[in-house]
Amino acid sequence: MIEIDKITKLYDGRAAVDAVSMTVETGTITAIVGTSGSGKSTLLRMINRLVEPSSGSVSINGEPTTGLAKHILRRRIGYAIQGHGLFPHHTVACNIGAVPRLLGWSKEKIRNRVDELLDLFSMPPDEFRNRFPAELSGGQQQRVGVARALASRPDLLLMDEPFGALDPIIRTRAQADLKRIQRTLGSTILLVTHDMEEAIHLGDRVAVMDAGRLVQYATPAEIIARPATDFVAEMVGGVDRPLRLLSLFPLSELVEDGPASGEALPEKTSLRDALSACLWSGREAVPVSRDGQVIGRVTLDAIRARAESLQ
Amino acid sequence: MSQRSQPALSPPGVLFAVLGLASLLAPYMTLAANRIVAGEGVPAWSLGSPGTTLGGLAALIGGLALGLPAGRPALRLGGAFIGFAGLIWLLVAGTSSLLGEAGEFARVSPGAGFWCLLVVLSLLLADALTNLSPGPLTRLGVLLTALAALAAILTSGALADLSIMQEYESRAASFWNAGVRHLWLAFGSLGAAALIGFPLGILSHRSDRLRRSLLPVLSFLQTIPSLAMFGIMIPILAWVAATVPGAREMGVAGIGFMPAFLALVLYSLLPVVANTVAGLDATPPAAFEAARGMGMTELQRLLRVELPLGLPVILAGLRIVLVQNIGLAVIAGLIGGGGFGTFVFQGLNQTATDLILLGALPTVLLALVSAIVMDILVELSSPQSGSQR
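Just so you know, the protein sequences line up as chains A and B, in that order.
Numbering-wise (numbering that gives the first Met the number 0), the first sequence opens with residue 0 and increments by one.
Numbering-wise (numbering that gives the first Met the number 0), the second sequence opens with residue 0 and increments by one.
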């Protein structure tokens, strides 16, 4: 559990981060979202003390972060940044093993960990271990960057716009990968983004920052349904709100018995995608499948009713 | 030139052939009655009997012709070697036949034609090598082979009757002493400048204020003419030697090795410091941020990230310093600092051109070899990712 207590950073008397308090549960993804200059990166960087807070405190699993030397603290916290920050003169294996080497792991333990992580990120170790960052695609570089941040099994992973430099298609894939890996490893992740779509998609909880203040900290559904301020409402996007809400729920919630024609959708498909499929193919209902077996249908009316009930 | 009508000629090859043939028209060697008087030029074809000169001339012209075809770098390289062989052949044959007919104190030296042909053939060699784009280790091999060939020719005694070799004969011991002294001046000042410059460069990289005040001072030092620098050094060091106890025993004096060495160190500081700063600046900001965020200490960041990434630029700075110092060290001869400059200034005083060359040629060779070796080191130190993309 990460507890942030009234943390403040002043630059020339102006508060970049203004008395922010929040608690992050172990094993969850928390997305910090805001416009540029909202203080979201500063908030993140105060957690591993790349920026020293002017006042307030942070504690990880009950231990205050000020109890350790800065570099020792940072070795226990994963850190992934925009543009990956890989060392160009080191191989993929050497990059991923950077923190374990700082921690003095044995060579064999490091090698096993590197292979394990490359497998986890769907990069065959024999093929990628000895390559240099310049020989990888943008998406691969980003994956190595995240693998490096995870290498020492940190208590906490901080990510500062990790997907900011990727094109939209690679970005969607990277987000799905991150979610899968987080569920597999049970990591605790704090992720900074300027993209509300990404925050809603990835975050178990979303923290919205505006001018240094934390204006709302809640689940994605609550943020969309009940934005605390006009700013949050603007961030979640006026006309897109119902669609964003629908994107949070899977088909399995609305399955009913009855006939439906056309191609079946897996039950984990979001209501938004099902709505889109209905509109595109002119159907009133779509069949829903589980492990390839059709288990029922979801009707356009049911989706509409759900969207209305959420307001 | 009839070759022009043929297609697929290498443009530089044509230029080298034209320049080479033109150089053959200039006097190949000079014959003088003694070591002081001005000599008389002798063209290549009248160096000796046709039987002895024809082979050399044929090799020279054939070598230049082999340098013509485009897209055949190995053939052109071979042409350069054949040309060099002809060049040496003519020199050896010319020396013995010209001296055979002259008086006891007569001296023969290579003339303008020889030097021009040497340059042209070197350019052909370099051009062909560049087209072959050999790896760093191959280049080192070529360099060592060339040096071994040069050493073999010089020690074989075939050129012993040349004027410059006679100047060497009468000063063999002092020549090697001067060589060692020259190396001490150039490499010692490089080492001292590196010892002072690296820390200064690292500190300047960390502190903008230091950088802004230090670099202009070092730039200013660089603009002081070398003779003026010695002039400034003489009274200062003489005063230090006279007043600081123990300084004189340590070799501090107004003239001699110490002022020359100090001046070279001062000239070296700007390239060393500026390139260290530039090399450290070459670290991508994201990589630096990641290194900080993952918990590297300041020293670990410097040793594992910044220095390895900056090494090629830092070595390039050392290369500039080394070549610059080998040349500048000649001036040390003027204030009794030793080195090859001693012969240059003795030769100037005696108007003995060959004595000047005895100082100048080894200096040029030393600078050339150092530059090539440093280039190889710079390439070897570049990150692999750079050479693969």
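By construction, these hints were calculated from the structure, which means they are not laboratory data.
Backbone N, C-alpha and C define an ideal beta-carbon position, used for all residues, glycine too.
Check each hint, because a few of them may be wrong.
[Claimed, not checked] Okay, the calculated bits of chain A under chain B, using three or more residues with CB under 8 Å as the criterion: (1) 120-128; (2) 167-178.
[What the hints assert, rightly or not] Derived CB-CB ranges, DEER-like: (3) A:THR218 with B:PHE197: 26 to 36 Å; (4) B:LEU302 with A:GLY55: 51 to 61 Å; (5) A:ALA175 with B:VAL368: 56 to 66 Å; (6) A:ALA68 with B:LEU302: 12 to 22 Å; (7) A:THR218 with B:LEU302: 16 to 26 Å.
Taking the hints in turn, this is what the structure says about them:
Evaluation of the coverage hint for the stretch 120-128 of chain A: breached, as 0 residues show C-beta separations to chain B shorter than 8 Å, against a requirement of three. Check on the stretch 167-178 of chain A: 0 of its residues sit with their Cβ under 8 Å from a Cβ of chain B, so the three-residue criterion for coverage is violated. Between A:THR218 and B:PHE197, the C-beta spacing of about 55 Å breaks the proposed range 26 to 36 Å. Take B:LEU302 and A:GLY55: their Cβ atoms lie about 35 Å apart, and the range 51 to 61 Å is violated.
The hinted range of 56 to 66 Å is satisfied by A:ALA175 and B:VAL368, whose Cβ atoms lie roughly 59 Å apart. Separation of A:ALA68 from B:LEU302 is about 19 Å and conforms to the stated range, judged on CB atoms against 12 to 22 Å. Hint check: A:THR218 to B:LEU302, Cβ distance near 46 Å, so the stated range 16 to 26 Å is violated.
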